[in-house]
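Visitor: Sequence:
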Amino acid sequence: RFAAGEHPQTIAMNQDSGKPVQVATVIGHILQGLLLGRPVDLRRLVDCAEPGTLPDEVEWSQMEDACIKSDIDVMKVENVALKELLQVVVGPGAEVTPAWYAKARWWLNLKRASVPVSFQDGSETPTPKRLCPPV
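Numbering (the working numbering), first residue to last: 1 to 135.
Don't take every hint at face value.
[Stated by the list, open to error] Listed below are the simulated SDA-like cross-link pairs for lysine to any residue, each with C-alpha atoms no more than 20 Å apart in a straight line:
1) K83 / T25
2) K76 / V115
3) K83 / Y101
4) K83 / T53
5) K111 / L35
6) K83 / E64
7) K76 / E64
8) K83 / A94
9) K111 / E64
10) K111 / L45
11) K76 / G33
12) K76 / D65
13) K69 / E59
14) K69 / E84
15) K76 / A113
16) K83 / A102
17) K111 / V77
18) K19 / F2
19) K111 / H29
20) K111 / A66
21) K83 / Q62
22) K83 / S61
23) K111 / E59
24) K111 / V80
25) K19 / H29
26) K111 / V58
Calculated directly from the structure, the hints in this document are not laboratory data.
Please work from the sequences and hints to get the whole structure.
Guide: The structure is reproduced here in structure tokens:
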């Protein structure tokens, strides 16, 4: 439905079951489509995302560093324990907020799909350099 031009918020509100779901759930499913080789208009998806849900350049690097410190290869480990990974990012005893989980899901899916990203000066969001090609 997203590929047909529907906004994630509209998809979330209009489910076949009649029960709405969270917009983050819809975006998560769209991001998982990348891993299945489906074409995804990432620029449009980024534009649809709530402010603050994508990692900035510093946060992206922090998650990369946490993987190194934790010896986790997200390309090989199927079920990455985001809570443990993010605890390394925020520090022992600090709360891992829902915002961090959202950022981690974006980071994990873009990384696993090998989507090159770039950061503009002062930008809070990664800018995908390409669209995932059709299968």
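Visitor: Indicate, hint by hint, whether the structure satisfies it.
Guide: We went through each hint and held it up to the structure:
1. K83 / T25: The hint holds at about 18 Å.
2. K76 / V115: Holds: K76 and V115 sit about 16 Å apart, inside 20 Å.
3. K83 / Y101: holds (8 Å)
4. K83 / T53: Given pair K83, T53 holds - Cα atoms ~16 Å apart, limit 20 Å.
5. K111 / L35: holds (10 Å)
6. K83 / E64: Holds - the C-alpha atoms of E64 and K83 are around 15 Å apart, at most 20 Å.
7. K76 / E64: Since the Cα atoms of K76 and E64 sit roughly 15 Å apart, the hinted pair holds (cutoff 20 Å).
8. K83 / A94: The hint holds at about 11 Å.
9. K111 / E64: Holds, because 10 Å separates the two Cα atoms, which is no more than 20 Å.
10. K111 / L45: holds (16 Å)
11. K76 / G33: holds (18 Å)
12. K76 / D65: holds (17 Å)
13. K69 / E59: Given pair K69, E59 holds - Cα atoms ~15 Å apart, limit 20 Å.
14. K69 / E84: holds (11 Å)
15. K76 / A113: Given that 20 Å is the threshold and the Cα spacing comes to 12 Å, the pair holds.
16. K83 / A102: The given pair, whose Cα atoms are some 12 Å apart, holds under the 20 Å limit.
17. K111 / V77: The given pair, whose Cα atoms are some 13 Å apart, holds under the 20 Å limit.
18. K19 / F2: holds (18 Å)
19. K111 / H29: holds (15 Å)
20. K111 / A66: holds (14 Å)
21. K83 / Q62: holds (14 Å)
22. K83 / S61: OK: K83 and S61 at ~17 Å, within 20 Å.
23. K111 / E59: holds (14 Å)
24. K111 / V80: The given pair, whose Cα atoms are some 13 Å apart, holds under the 20 Å limit.
25. K19 / H29: holds (17 Å)
26. K111 / V58: holds (15 Å)
The structure agrees with every numbered hint stated previously.
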